[in-house]
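Chemist: Residues per chain are reported as follows:
There are 2 protein chains.
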Amino acid sequence: MDELPKKIVVVGNGPVSIEIAQFFNLVETEVIFLTNNEELIPGADTFLNDYILDKLKQDGIKLFINTEYKSSGNDTIIINGEKIEFDLLINANSRGAVLPPIDINIKLTENGFIEVDEELKTNIDSIYAIGDVNGKSYLAHVGSAQGLFAINNIQGIKGAMNYRIYPLNIYSVPEMAQIGMTEQEVENEGISYKVSEFPFMANGKALIEGNTEGMVRIISDKTFGEVLGVQIIGANATDMISEAAAFVEMEATIYDVSRTIHAHPTISEVFLEAGFEAVDKSIMK
Amino acid sequence: MDELPKKIVVVGNGPVSIEIAQFFNLVETEVIFLTNNEELIPGADTFLNDYILDKLKQDGIKLFINTEYKSSGNDTIIINGEKIEFDLLINANSRGAVLPPIDINIKLTENGFIEVDEELKTNIDSIYAIGDVNGKSYLAHVGSAQGLFAINNIQGIKGAMNYRIYPLNIYSVPEMAQIGMTEQEVENEGISYKVSEFPFMANGKALIEGNTEGMVRIISDKTFGEVLGVQIIGANATDMISEAAAFVEMEATIYDVSRTIHAHPTISEVFLEAGFEAVDKSIMK
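If you read the protein sequences in the order shown, they are chains Z and Y.
When you number the first sequence by the working numbering, it's gap-free, plus one each residue, and the end is 318.
When you number the second sequence by the working numbering, it's gap-free, plus one each residue, and the end is 318.
None of these hints come from the bench; they were simulated from the model.
All figures in this text were calculated on a predicted structure; none of them were measured in a lab.
Among the clues, some could well be false.
The list makes no distinction among identical chains, and a pair is therefore deemed to hold if it is satisfied within one copy or across any two copies.
What the hints assert, rightly or not - Straight line, CA to CA, 27 Å or less: simulated BS3-like cross-link-like pairs of lysine-lysine: (1) LYS88 / LYS40; (2) LYS238 / LYS88; (3) LYS154 / LYS39.
Chain Z on its own, in the form it takes in the complex (with noise of 0.2 Å):
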């Protein structure tokens, strides 16, 4: 294209239909968004989903959700029986493992993936699948993560692949991102926990640099502390996470959190007091 497109549908769901919705929109590109699911990205906290939901519709995009749609020529589209004509379409869904042209019959699932088995071994011995391709996670450091623990396993290094602990980042504005079990998963699951929250607004170097929209959420199971699962939204939430990943992964208590000295004045300092407000309450609220 040699222009940007006046007006664009965006089909899909996930941080990439959201990141490109979003980027259309700031070039001034009128965006519809369209998604057949019932949440905008799929694993992802309903707090985050009720967020990001409410920031595209402010943002002025055009949503559709859980809505079918019928393609009608290449450049128009049929939602709830009405034409709606755009200059390109977008389609961000998740698609099946594409495979090379190749003799050798590996086994698919039903939903078009490669099957492996908990090695992440497909059906032939020496074949393994990691990646987008197995369907287990559509996120590059999953993937990552799968080839590690592919080629231990080939040694000999036995373990299981815990996919309740991996980020998932939205590169949305403004960004989110999440690690460990959602508050729905926690309440399924039968647990007593506690959502303890600190916004942005109240740190003090989030002022400074203007960066006041957003929060951390620590969902901490009641009886041990255990911290479960961490949400966060605001600038810089991406590369936040990793501390977030870090005391999930060492199955750190909010009394962990809340006894590591944070520096200040830092962005991070938000964490510390979301663990003061789980213990007792937090000093800068």
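Chain Y: place on chain Z using the hints.
Modeler: Relative to chain Z, chain Y alone:
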């Protein structure tokens, strides 16, 4: 002052003196930096001290390290027998405790700080002294931690304050931060250790953002792999140190660091790569 000074002398050591010197250099004031200490930042790893010394030289700041000086009137200073004129002298040296006029007979140390015991109690049974008045640390977040520690002690929750696990942040250009033991401390204790480094230059997100200067350095125990200390140089190092703080606080090993899935693309992947480097070798280096 109505105008920026043409020429200043910054006397002192520690983060603030470096931050002020670089600020005035940035706004094109001629800067002379003067300290009678051997190190620019007492307590910082030699690696950081050497790095920032080179940086200040490159910035064009005139440096007098480990140098005595004599004041000679309001706008002149004598260094090594030479008279140097200035418009402004900024004293960023640390100073003793400043007490309000009080009738209570608080005992001071030889260096002019308030004397406290291990619980941070002064010679008066009902008075505790926290923060830089007690001379244990000039850092605001260590002062906060002392406050919480003292209150816990008063409430009967006893424990020892660990002065080894606190972040040291320098808001220089580029930013620098450290946590835990320095390489020199590890050496002095005769611990068998390993240093693993990873440069920002080899990190995808750092390349995208154009912030390729800097690196992360992990100092780990060779026997069990415990992460003993971490140093970071680079954009946002002061906030990034919080992930290292989480690992050090949790007594994590280099294997824990390598196992923690870090989102892609993020700057935080430098921790993962430095972890790989310690265990075997980094992937992206």
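Chemist: Now tell me, hint by hint, if it's right for this structure.
Modeler: Here is how each hint holds up against the structure:
In the homo-oligomer, the alpha carbons of LYS88 and LYS40 lie at most 27 Å apart inside one protomer (19 Å), although the nearest pairing across protomers, at 50 Å, exceeds that limit. Proximity of LYS238 to LYS88 under the C-alpha cut-off of 27 Å is found in both arrangements, the shortest distances being 24 Å within a copy and 25 Å between copies. In the homo-oligomer, the alpha carbons of LYS154 and LYS39 never lie at most 27 Å apart, since the shortest distance is 46 Å inside one protomer and 69 Å across protomers.
In the structure shown, a violation is registered for the earlier hint numbered 3 alone.
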